[in-house]
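Chains as they are written, first to last, in the numbering used here: chain A, 2 to 115; chain B, 145 to 255.
Treat each hint with caution, since some may be false.
[To be verified] Derived pair list, reagent style BS3-like, types lysine-lysine, alpha-carbon separation capped at 30 angstroms:
id, chain 1, residue 1, chain 2, residue 2
1, B, 186, A, 72
2, B, 186, A, 15
3, A, 58, A, 72
4, A, 58, B, 186
5, B, 212, B, 242
6, B, 202, A, 58
7, B, 242, A, 72
8, B, 212, A, 10
9, A, 58, B, 215
10, A, 72, B, 238
11, B, 242, B, 166
12, A, 72, B, 212
13, B, 181, A, 58
14, B, 212, A, 58
The set of hints was computed from the structure by calculation and includes no laboratory data.
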Amino acid sequence: NAGVTQTPKFQVLKTGQSMTLQCAQDMNHNSMYWYRQDPGMGLRLIYYSASEGTTDKGEVPNGYNVSRLNKREFSLRLESAAPSQTSVYFCASRDPGQGFEPQHFGDGTRLSIL
Amino acid sequence: GENVEQHPSTLSVQEGDSAVIKCTYSDSASNYFPWYKQELGKRPQLIIDIRSNVGEKKDQRIAVTLNKTAKHFSLHITETQPEDSAVYFCAASKNDYKLSFGAGTTVTVRA
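Only chain B is shown next, with the shape it has when bound in the complex (with noise of 0.2 angstroms):
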């Protein structure tokens, strides 16, 4: 099955810089890259996701490249805020009914 390796685990930024978390994934046929983010004790949301036909996408402070070729796909937060602090997955589907999900980062911004 599909493999999902997200780096790194921990991510601590000073506020107003950029973060950026990285997954690569195993099976070429995945398709589709969502990324979910999780405060504590809260459900995972959807923030952005991706689809392989498209190179990067995105979404007011938020950016997903997608690297098809390398099997890697990235997260990239701008201007990071005290609310961007949470546990963020990455995850990948081939067009299937199922989801894998990397191990996930948990990024704390320092005010």
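With the rest of the complex left out, here is chain A (with noise of 0.2 angstroms):
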């Protein structure tokens, strides 16, 4: 099993330009989410689909959209990169039909806006 896996690992954007990361989870988990991740600024929400067809803003939801295109793979775009949005994106998953199961996290994509 790969768990999540993140695409790309890294890119380098202009300020304007559109771009769309990947993530993709082969544990059959219902529930994707995407963070960013800031220096000293923990892990922030951006989006998170609960189930297949159903995504909810978390608390950093401005300049993003997300897809849940199957239960499979949930994917992150940006409309127009701005260099506030240079930071680490993790994609996680988790199975919450378990209880009190964790998220497991991808490797993360690091994205920089010049």
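Assembly of the complex is requested from the two constituent chains, each provided in isolation within its own frame, with the hints serving as guidance.
So, in structure tokens, the structure goes:
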């Protein structure tokens, strides 16, 4: 099992460019999440998908959109990248049907906006 | 929403000593409290978690305590080793789909 796979691992964009970050999990989890991680601020939830077909805003959704393509895949899109979106982005998944199950994280995408 | 505060932000300990990280949460309905360890350049990984019906949980050199009345929980690492050097995050959840994370503690174990 690969777990949670994120692509790409690194990306440099210019201000105003668009970009889609991909996330796929092979654990048959229902819930998926996108976080951003900035120094000294921990992990902040951008969007999440409780189950296939649903998406909801998290703590910092502005400037982002998401698509839950199917049960396995959850993508994050930056329509017009801004330098403030320079961050490390983590995708995670979880199976809420098992009770207090933890979230499992991918390796992250390091995104720089120039 | 839930607000989780974590202290200290940095912690330096001598190898073999203990390390303690404390977190407070704001929502008394929170009932699940995981701790994640993140090594430099790596993904966060769960190291231990506790539910609100339990006051303490241990796993080898790691323990977590929970005080529901005071709304705080702590991570204890005993007999620290160089491989314990990492950033540790606490989090809280109230049985829904979302975790609220603390800002993290950078632990450095000095040889």
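- Tell me, which hint numbers fail for this structure? 6, 8 and 12
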